[in-house]
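Enquirer: In case you want the letters, here they are:
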Amino acid sequence: MTIVSVTLMINGEERTTEIRYADILLTVLREKFGLTGSKPGCLNGDCGACTVHVNGKPMKSCLMLAIEAVGEDITTIEGLKGTPIQQAFIQHFAFQCGYCTPGFIMNCQALIQAYPDAGDKVIKEWLESNICRCTSYEEIEAAVKSVLRSEA
Amino acid sequence: MIPFDFDYFNPETVQEAYHLYHSLTEAGREPVYFSGGTEIITLGRIHQLYTDAVIDLKGIPECRTAQLDDEHLYLGAALPLTAVEEARLFPLLMKNVKEIADHTAREKVTLGGNICGNIFYREAVLPFLLSDSSFVIAGKDGLKVQSIHDVFEEHIQLAPGEFLVQTITEKNFLTAPHVNIKRKRQWDTGYPVVTVAAAIVGRRLRIGISGLCPFPFRSYEVEAALNEPALSPEQKAELAISHMPAPILNDSEASAEYRLFVLKNTLTDILVAFEGMGRR
Ligand code: FES
Ligand code: FES
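In order, the protein sequences belong to chains V and Z.
Under the numbering used here, the first residue of the first sequence carries the number 1, and numbering increases by one thereafter.
Under the numbering used here, the first residue of the second sequence carries the number 153, and numbering increases by one thereafter.
Quick caveat, the hints were computed from the structure, so don't treat them as lab data.
Please read all numbers here as calculations on a predicted model, not as lab measurements.
Keep in mind that a hint or two might mislead.
Listed next, the in silico DSSO-like pairs over lysine-lysine satisfying Cα-Cα at most 30 Å (straight line) [what the hints assert, rightly or not]:
1. Z:Lys210 <-> Z:Lys292
2. V:Lys121 <-> Z:Lys292
3. Z:Lys292 <-> V:Lys32
4. V:Lys121 <-> Z:Lys247
5. V:Lys121 <-> V:Lys32
6. Z:Lys323 <-> V:Lys121
7. Z:Lys292 <-> Z:Lys247
8. Z:Lys292 <-> Z:Lys416
9. Z:Lys250 <-> V:Lys124
10. V:Lys57 <-> Z:Lys292
Derived DEER-like restraints, expressed as beta-carbon distance ranges [as the list claims (entries may be wrong)]:
11. Z:Glu168 <-> V:Val4: 41 to 49 Å
12. V:Ile90 <-> Z:Val297: 53 to 61 Å
13. Z:Asp284 <-> V:Tyr115: 31 to 39 Å
14. V:Glu72 <-> Z:Asp221: 53 to 61 Å
15. Z:Thr177 <-> V:Tyr99: 41 to 49 Å
16. V:Ile90 <-> Z:Ser175: 34 to 42 Å
17. V:Glu125 <-> Z:Ala311: 50 to 58 Å
18. Z:Asn324 <-> V:Ile90: 22 to 30 Å
19. Z:Thr217 <-> V:Val70: 43 to 51 Å
Note that CB positions come from ideal geometry on N, CA and C, so glycine has one too.
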């Protein structure tokens with residue numbers, strides 16, 4: 001087994017660890033760095049619970065090898081602090097069990113950054129990438145719209 | 153977790169990638185090319201794919217190009233599908249890739265990965281089939297340019313170690329009237345029952361179909377039926393259905409009969425829409 005030492009830029013900090021080339025980014029974030037906010041769900045790219053940002057864009061961290069993330073700028077839910085979308089999720093009670101919440105918030109935040117004036121079609125297109133088994137969809141939609149409409 | 157180990161290589165040139173593949177093969181290894189890697193990661197996890205050496209193509213500049221000159225559009229095979237959408241250079245392809253997977257996954261799935269993958273749903277190839285595009289392929293003599301019709305027959309036909317570098321599409325085709333229709337069973341997400349891409353070139357309708365058979369295709373018999381001048385849209389669609397290749401997929405997403413039923417209605421809708429645009 002080949003083990004290599006890599007340095008990743010995560011939440012603005014350089015973090016070094018040892019990985020297998022076959023390790024996915026999600027596992028490395030959780031098990032090597034203790035960043036357990038990104039959740040394992042399907043591990044198949046379907047549910048979005050593992051969503052992080054890579055260079056500001058949403059990325060399912062179960063679909064990326066950790067080695068591919070070298071040289072890229074990674075943000076996890078732990079790196080978001082006091083953003084309007086986090087506040088809006090609380091205000092709109094946009095969760096029940098909360099398992100999907102970090103992934104939804106990361107995707108919503110990427111959307112808000114990329115398209116501050118996103119209309120319904122773009123919102124739907126982006127948010128279809130995440131699944132909430134507690135079906136908090138209406139509240140999540142209200143939360144993201146409250147941020148988009150107030151910034152627009 | 154991927155239950156086996158592999159080495160990872162990150163070549164910067166086409167030649168380096170091709171030579172790596174061959175030296176690894178000669179050493180008894182089982183290399184695979186990787187661009188978005190979504191199929192390798194997801195199938196590897198469930199033991200449906202094995203490799204001991206991954207050659208990542210996305211560091212090769214030719215594989216990441218998105219460039220339009222006076223006559224042609226060049227798109228790199230390692231472009232993520234979202235980059236294809238955002239480049240806004242090929243309207244039919246933009247609409248087509250927007251229907252693949254979901255937005256976040258499309259940040260990772262690449263154009264070449266979809267065209268060369270193993271899943272049935274490789275619909276990104278349809279706009280290239282309709283436009284008679286060419287593929288740039290890396291092989292033992294360097295780069296070669298081949299008509300898509302010579303290298304894509306159900307699957308991309310590549311010799312061991314060859315890989316897709318770029319697509320080349322004539323600029324004239326980019327503005328052709330077109331539609332891309334993806335019919336799903338019930339929800340907005342999930343695999344399609346059938347996807348149809350259509351374009352009008354020189355007053356003739358061209359059609360590409362994915363999701364009906366275990367492979368995407370463009371069929372000249374089907375197109376001849378759809379362009380039969382004496383028939384009504386329903387009759388053309390009926391005749392076209394009788395020329396579909398075999399086998400028709402029959403699975404939990406949809407039965408073969410249902411797929412054909414949906415396809416016939418979709419073809420009729422397309423014919424009516426184009427006639428409404430004053431084609432005839
Ligand atoms: S765990 Fe990554 S998409 Fe479900
Ligand atoms: S709040 Fe439970 S999965 Fe979304």
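Enquirer: The structure should be examined with respect to each hint, and the outcome stated for every one.
Expert: These are the hints, each one checked on the structure:
no.	hint	in the structure
1	Z:Lys210 <-> Z:Lys292	holds, 20 Å
2	V:Lys121 <-> Z:Lys292	violated, 46 Å
3	Z:Lys292 <-> V:Lys32	violated, 42 Å
4	V:Lys121 <-> Z:Lys247	holds, 14 Å
5	V:Lys121 <-> V:Lys32	violated, 38 Å
6	Z:Lys323 <-> V:Lys121	holds, 29 Å
7	Z:Lys292 <-> Z:Lys247	violated, 35 Å
8	Z:Lys292 <-> Z:Lys416	violated, 44 Å
9	Z:Lys250 <-> V:Lys124	holds, 13 Å
10	V:Lys57 <-> Z:Lys292	violated, 37 Å
11	Z:Glu168 <-> V:Val4: 41 to 49 Å	violated, 20 Å
12	V:Ile90 <-> Z:Val297: 53 to 61 Å	holds, 56 Å
13	Z:Asp284 <-> V:Tyr115: 31 to 39 Å	holds, 35 Å
14	V:Glu72 <-> Z:Asp221: 53 to 61 Å	violated, 30 Å
15	Z:Thr177 <-> V:Tyr99: 41 to 49 Å	holds, 44 Å
16	V:Ile90 <-> Z:Ser175: 34 to 42 Å	violated, 56 Å
17	V:Glu125 <-> Z:Ala311: 50 to 58 Å	violated, 39 Å
18	Z:Asn324 <-> V:Ile90: 22 to 30 Å	violated, 54 Å
19	Z:Thr217 <-> V:Val70: 43 to 51 Å	violated, 23 Å
Going down the numbered hints, you'll see the structure goes against 2, 3, 5, 7, 8, 10, 11, 14, 16, 17, 18, 19, while the others check out.
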